[in-house]
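4 protein chains.
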Amino acid sequence: MTTVHVIGAAGYAGAQLAALVDAHPHFTLGQVTARADAGKRIADVAPEYRIDAVLQEFDLDGVAAGDFAAVCYPHAEAAAVVSELVDRGVRVVDVSADHRLTDPAAYPQWYGFEHPRPDLLAEAVYGLPEINRQAIGSARIVANPGCYPTASLLALLPMKGRITDIVIDAKSGVSGAGKTPSPDVHYCSVADSVRAYKVLNHRHTPEIAQQMGADAVFTPHLVPVDRGLLASAYARFTGDAPTQAELTKAYVDFYDGHPFVEVVESPPGMHAVQHNNFAQVCPMVDQASGRLIAFGVIDNLMKGAAGQAVQNLNLMAGRPETEGLL
Amino acid sequence: MTTVHVIGAAGYAGAQLAALVDAHPHFTLGQVTARADAGKRIADVAPEYRIDAVLQEFDLDGVAAGDFAAVCYPHAEAAAVVSELVDRGVRVVDVSADHRLTDPAAYPQWYGFEHPRPDLLAEAVYGLPEINRQAIGSARIVANPGCYPTASLLALLPMKGRITDIVIDAKSGVSGAGKTPSPDVHYCSVADSVRAYKVLNHRHTPEIAQQMGADAVFTPHLVPVDRGLLASAYARFTGDAPTQAELTKAYVDFYDGHPFVEVVESPPGMHAVQHNNFAQVCPMVDQASGRLIAFGVIDNLMKGAAGQAVQNLNLMAGRPETEGLL
Amino acid sequence: MTTVHVIGAAGYAGAQLAALVDAHPHFTLGQVTARADAGKRIADVAPEYRIDAVLQEFDLDGVAAGDFAAVCYPHAEAAAVVSELVDRGVRVVDVSADHRLTDPAAYPQWYGFEHPRPDLLAEAVYGLPEINRQAIGSARIVANPGCYPTASLLALLPMKGRITDIVIDAKSGVSGAGKTPSPDVHYCSVADSVRAYKVLNHRHTPEIAQQMGADAVFTPHLVPVDRGLLASAYARFTGDAPTQAELTKAYVDFYDGHPFVEVVESPPGMHAVQHNNFAQVCPMVDQASGRLIAFGVIDNLMKGAAGQAVQNLNLMAGRPETEGLL
Amino acid sequence: MTTVHVIGAAGYAGAQLAALVDAHPHFTLGQVTARADAGKRIADVAPEYRIDAVLQEFDLDGVAAGDFAAVCYPHAEAAAVVSELVDRGVRVVDVSADHRLTDPAAYPQWYGFEHPRPDLLAEAVYGLPEINRQAIGSARIVANPGCYPTASLLALLPMKGRITDIVIDAKSGVSGAGKTPSPDVHYCSVADSVRAYKVLNHRHTPEIAQQMGADAVFTPHLVPVDRGLLASAYARFTGDAPTQAELTKAYVDFYDGHPFVEVVESPPGMHAVQHNNFAQVCPMVDQASGRLIAFGVIDNLMKGAAGQAVQNLNLMAGRPETEGLL
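Protein chains in written order, with this note's numbering: chain H, 84 to 409; chain S, 84 to 409; chain P, 84 to 409; chain E, 84 to 409.
Heads up, a few of these hints could be off.
In the BS3-like style, the derived pairs of lysine-lysine whose C-alpha atoms are separated by at most 30 angstroms in a straight line are [what the hints assert, rightly or not]: (1) K123(P) x K262(P); (2) K123(H) x K262(S); (3) K243(P) x K332(P); (4) K281(P) x K281(S); (5) K281(S) x K262(S); (6) K243(S) x K281(P); (7) K332(E) x K281(H); (8) K262(E) x K123(P); (9) K243(P) x K281(P); (10) K281(S) x K243(P); (11) K262(E) x K262(P); (12) K332(E) x K123(S); (13) K123(P) x K332(H); (14) K262(H) x K262(S); (15) K281(H) x K281(E); (16) K123(S) x K281(H); (17) K262(P) x K281(E); (18) K281(E) x K123(P); (19) K332(P) x K281(S); (20) K332(S) x K123(E); (21) K262(H) x K281(S); (22) K281(P) x K123(E); (23) K332(S) x K281(P); (24) K281(E) x K243(H); (25) K262(H) x K123(S); (26) K123(E) x K262(P); (27) K332(P) x K123(H); (28) K332(H) x K281(E); (29) K281(S) x K123(H); (30) K281(P) x K262(E); (31) K281(H) x K262(S); (32) K243(E) x K281(H).
The set of hints was computed from the structure by calculation and includes no laboratory data.
All values reported here derive from a predicted model rather than from experimental measurement.
Using the sequences provided together with the hints, build the complete structure.
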């Protein structure tokens, strides 16, 4: 059994992650920490998971070399803890954004803070197993992808290098906005409506561009859904457009051997991926305009956060990629 | 034209009320006030109403004898303003709970404050036009009923004095909980769920009992709906149960001449009353158990708050009861 | 491994049941049947379950003595199949209503058909494990309870014999209405509304009365929720009302050793029981009126149908009660 | 007073239109017709509108030259009725798609039928008042725009001729799919999900292209909303991108004098346009990529159907454009 500490378990992603670790046949919960909620039973914060443990304050002295940790702090706050943990010999999945961008200069620009450890930034592996499985397996730090990038990249990566003029119109459930009450997540604001937000300046934009090796217009929308994230992506083929059969085959081949990505023929809704770690992608070709239209859908808390973190932990620990996730 | 001041217009009920007054053919908006939001345009706080005015701080010197006012402050904060306004010669609809209960001792017990003006409490008319139309017409202070009491009372009043063992199971949309963000009104808390709250101690309980002249078990539930409130009421006939035809006739007769109450034959949903001032009531008799089952449904912000306030203002101003409401 | 046939797997409950059997460590899927949808892959009918099998027409010759079956046909259609299966030596959980009422005369009255096998009716065990665990273990036919009775009975049974004047106000998610399209389940009919239906004549009424040994007023409501069912139950204690502590203890004791019932202190919402087989019950006492107010909440497709069926199959097969359900 | 016949009033758009005509100060309801629902009271089909009339079968002999009519039949069925009405001297708003495309060859291709009256197709005016106010005023036939084209065109038209590579990602509420029950509009299918449909082949595609004078990739999505339609549009400026100030000014100027289009600064949600005839558009410029991102939001039954039809009827009848719509 391997000990996994969950640092920051009071939010939606952290609690889901603690639940997955708790139920995992090979992992055992170490510290399950919170800041404002320290001292509460997890079952009071997230009763649906029935985890029998108390949220504690993070105690660096209570971790041991060889342990694993997943850090679910907000961006700008995770970096310091990750740094401490790694220096102790703990292998870490950083669920925050603090190790996703390789360029240190991107942090002041997009996240408003100077990154404290550019060396770890350089070392961190981007934790999308469908492209980095090998490197994740031996990484000390895995940067767990953002929810929007996960859905968008899974929809587009098989055509990486063959497309340009990328436009991503994404629709996210409200749990993606986090648990903190605000006017924007009030039921009466969200229900019966859809709206775009952070147009042209959402922080997942450079993360997508970095992985695609190409700029993308990225526009997130909030939809009246609890969990679920759909990315509808549009791009122009730089060369001749493939036939639909060629396109489908390229996707099927690309995801061959990747257990959590399903290539589907009809535009996917959210129900088949909610509460599990699957992604569904659906590529379509518009011969008339020479365009790709590709859909990617995930549960933003599972494949978009906690599930993917466990997938990464499995790879890091040499366990089957799907363990504890099916 | 009569000037109507709307005191406390930043919340859901206050903004709806300002919109109704703004569009009313006989009323003209006087002061439209807020505290935290003073200085903002109403259109920024409640864009759906397109009211061209700025929220100001309440200015007692800006009101004149003969004006009307509707006070939408929270309970315990409305009483002082109402008192000041009435002393100036302004006739007031108090949309808060501060003048609904006739017994001053009920305020410390249920609302946690000593009522500052028991004399006004004694004078205030309970603003349910279906039973107090005449008195409302000449009142200085009208206590606008609570949303739950409105739906419950309309469902039960035609049988007042003939029933006992009253149980009211009510379901309210989230706007009834107000605009302030909290974990309880977070979209992810409310969506896909129904739950009871404040069991046995909701503040509308004594208000219902006072009007029915009988105790009632009252259990409110929060439902994933924006606007709308359904009260399902159960009671035992003290004498012989009427036939269904007799029961229906009693309700039709009771509401004859009351333009906003519709007696319907099937249990009503919320769609026919949303965004308007109608109530629908549906009485049914269970001959086997000698019970009344009666449903009452309203829009909690209209017949349950702002719409009813305008209905009361119409009566106070000698205008047609439905003016500005159809 | 024990073979379990799922007869009628195209609907919501049947597909959920097939998924639970498919993932069960001790059960293996036998025939998975449908009528209109025979020939389709289950994954096309219910993609969220990822069951790799084809819906077939029911083939009596393909079942063997010693097999188990769960029948999810509509009422009036299940009885004949159950009869055939039992005569073959198959032990059956009837998820339909066709073996729930012990009095044959209740079937023409409530369900509109003459029961073909009163002998099997007499033999069938009511499949609520919390009261019939032993008998279920050796039964040939288990009548799986209705969704409303499950939530209502779990909320009330600990006080059976001590209460009267029972009123149950229940709120069900839309999956309880089944998969067949109709105006009543159109999104635009259901969303933003709550309404009662089948007042005084819902077929779960006699089932509740039979188990409680007392009549109950039962009023179901449709709420804008996918899965989830809340029963809010009100009753009068025939003797002195217990204290809250006594009441809670009585419930805790009653459900001691029953792994799927959680006695909770606050009125439960639906989130903690969705997609699992747990029920939460919350009993409260109103000393003023001498009344019990008790809430019971379940997932109508799990503890209210398919999950409870697997719980029953576990008991019948001598397996741990929670196997395949946690 | 002018008589307006509403042909096909049993659906969502038709009933809304009948309600608007019924409440209009200058129009009076003529025939209000239905086919399957003929003989029913409108209040039974659409109780929220409280229209006191009976749905009748269409009677050509009951219309008179000089009357107006709005036809809300499904496409391919409206053309014949429109033809009969116009030949009688009735001026018609065709709410169906049957007169929107100017090229007769588009009808077999996109709608699957041969258009019976290419002469009327040539004569019909596209009923988007913001570009065709004058022509609508004197038209015999006005082709009421589709809901998706209305939101998309209002978002893009001010840049017509200056943009290329148009991608429209649209999100529609379920009432846009019509009232007929089907698996796709079952509450349990729609709730908690978003999905694209009719990718690359939705019938509103050529309508948008025709008005923009440019091809567009158009992808509609179904969202868990009753009423409301958001078009998020992306395009590349063919010349230099304007500044944000220039862009905003161009939109404000374009819609100057058009009472139902509001140019807003933040991406609009649906609440401010639901149940009214307003559209909100929000243009933004992405200097980095030289792109326009523009949002248009409407109520699909109001500005997207019935409200716009009344706006057109007002213009045809020489009434103020906003009459009966504010």
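Verification of the hints:
| no. | hint | result |
| --- | --- | --- |
| 1 | K123(P) x K262(P) | 16 angstroms, holds |
| 2 | K123(H) x K262(S) | 28 angstroms, holds |
| 3 | K243(P) x K332(P) | 15 angstroms, holds |
| 4 | K281(P) x K281(S) | 28 angstroms, holds |
| 5 | K281(S) x K262(S) | 19 angstroms, holds |
| 6 | K243(S) x K281(P) | 26 angstroms, holds |
| 7 | K332(E) x K281(H) | 22 angstroms, holds |
| 8 | K262(E) x K123(P) | 28 angstroms, holds |
| 9 | K243(P) x K281(P) | 25 angstroms, holds |
| 10 | K281(S) x K243(P) | 26 angstroms, holds |
| 11 | K262(E) x K262(P) | 17 angstroms, holds |
| 12 | K332(E) x K123(S) | 24 angstroms, holds |
| 13 | K123(P) x K332(H) | 24 angstroms, holds |
| 14 | K262(H) x K262(S) | 17 angstroms, holds |
| 15 | K281(H) x K281(E) | 28 angstroms, holds |
| 16 | K123(S) x K281(H) | 23 angstroms, holds |
| 17 | K262(P) x K281(E) | 23 angstroms, holds |
| 18 | K281(E) x K123(P) | 23 angstroms, holds |
| 19 | K332(P) x K281(S) | 22 angstroms, holds |
| 20 | K332(S) x K123(E) | 24 angstroms, holds |
| 21 | K262(H) x K281(S) | 23 angstroms, holds |
| 22 | K281(P) x K123(E) | 23 angstroms, holds |
| 23 | K332(S) x K281(P) | 22 angstroms, holds |
| 24 | K281(E) x K243(H) | 26 angstroms, holds |
| 25 | K262(H) x K123(S) | 28 angstroms, holds |
| 26 | K123(E) x K262(P) | 28 angstroms, holds |
| 27 | K332(P) x K123(H) | 24 angstroms, holds |
| 28 | K332(H) x K281(E) | 22 angstroms, holds |
| 29 | K281(S) x K123(H) | 23 angstroms, holds |
| 30 | K281(P) x K262(E) | 23 angstroms, holds |
| 31 | K281(H) x K262(S) | 23 angstroms, holds |
| 32 | K243(E) x K281(H) | 26 angstroms, holds |
In the structure shown, no violation is registered for any of the earlier numbered hints.
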